[in-house]
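Q: One line per chain: the protein sequences are A and B, in this order.
Positions 8 to 121 (the numbering used here) are the ones given, in order, by the first sequence.
Positions 84 to 224 (the numbering used here) are the ones given, in order, by the second sequence.
These are calculated hints, taken from the structure and not from any lab test.
Idealized CB from N, CA, C, for every residue including glycine.
Be a bit skeptical, because a hint or two may be false.
[Said to hold, decoys possible] What the simulated footprint calls covered on chain A by chain B, stretch by stretch (three residues with Cβ under 8 Å from a Cβ of chain B suffice, anywhere in the stretch; the number is not a length):
#1 27 to 34
#2 66 to 75
[Said to hold, decoys possible] Simulated DEER-style distance windows between Cβ atoms:
#3 40(A) <-> 103(B): 40 to 48 Å
#4 90(B) <-> 16(A): 38 to 46 Å
#5 218(B) <-> 91(A): 26 to 34 Å
#6 47(A) <-> 174(B): 16 to 24 Å
#7 12(A) <-> 145(B): 41 to 49 Å
#8 80(A) <-> 113(B): 45 to 53 Å
#9 102(A) <-> 172(B): 32 to 40 Å
#10 18(A) <-> 109(B): 31 to 39 Å
#11 106(A) <-> 142(B): 40 to 48 Å
#12 143(B) <-> 59(A): 26 to 34 Å
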Amino acid sequence: MAEFSTNTREIGNVSVLEVNGYIDAHTAPQLEGAINDLITRNKYKIVVDFDGLKYISSAGLGVFMAFIETVRSNEGDIKLAAMQPNVFNIFDLLGFPLLYEITHSVDEAVTKFK
Amino acid sequence: METKEKYILQVKSKTENLAKVRDFIREIGSNERISSEITDKLVLAVDEACTNIMRHAYHHRNDQDIILKVEVKQGKVVVTITDFGEGFDPQTVPDPDMPTYMKQRRVGGLGLHLIRALMDKVEYQTIPNNYNRLVLQKNYN
């Protein structure tokens, strides 16, 4: 069974959502729940820390697509940080760099909110 | 061309089994000494194909069959995925225009686009009221 976990921490007014393991159609609802939890707490400045993520399929990418308009219409953003090259390649194939800010480090993404 | 190896896996259509499907493909990649770059593409394409079957062919019923057959021929991997659910015409699924797609807040539909981008050849055959068969080919030399 695919292992996936999330952890959220705050840096100033930015929420850093750490994603670990594997995101597929089975675990994507957990990711959806974690982002939904931030939004219901009016946390719209979100950095996703991909450092511990080993794998993502389109089910996971679809989750980011589902929330981005809501987040941006509330003066926030979802920035994507610290991806492994194999994970970045999937985002790149689907054209995400045109639509999302993708940074090398979490700090860099957090700084962009200031 | 002579077939070198053939591998078969049959799983039920529940999303828990996607990890099993990925392990199956990864193990073949390792056995056949296929590069991790090519194996990663096969793993993702097969995951996307099985996810589509679970969602669209079987409409989330989780007790249906998916059969994967992998042949490693000289310089190419051919994955044949068979299901017994509802068929579709891939010609009716265009590749998404991402900015428009995002504005529409759509969540699905990316899988087939990824499969086409990752594989060298994709063939789909549907026999109404019988079975659907997707053949993915990846060259590795």
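Q: Just pull the numbers of the violated hints for me, sorted ascending.
A: 3, 6, 7, 9, 11
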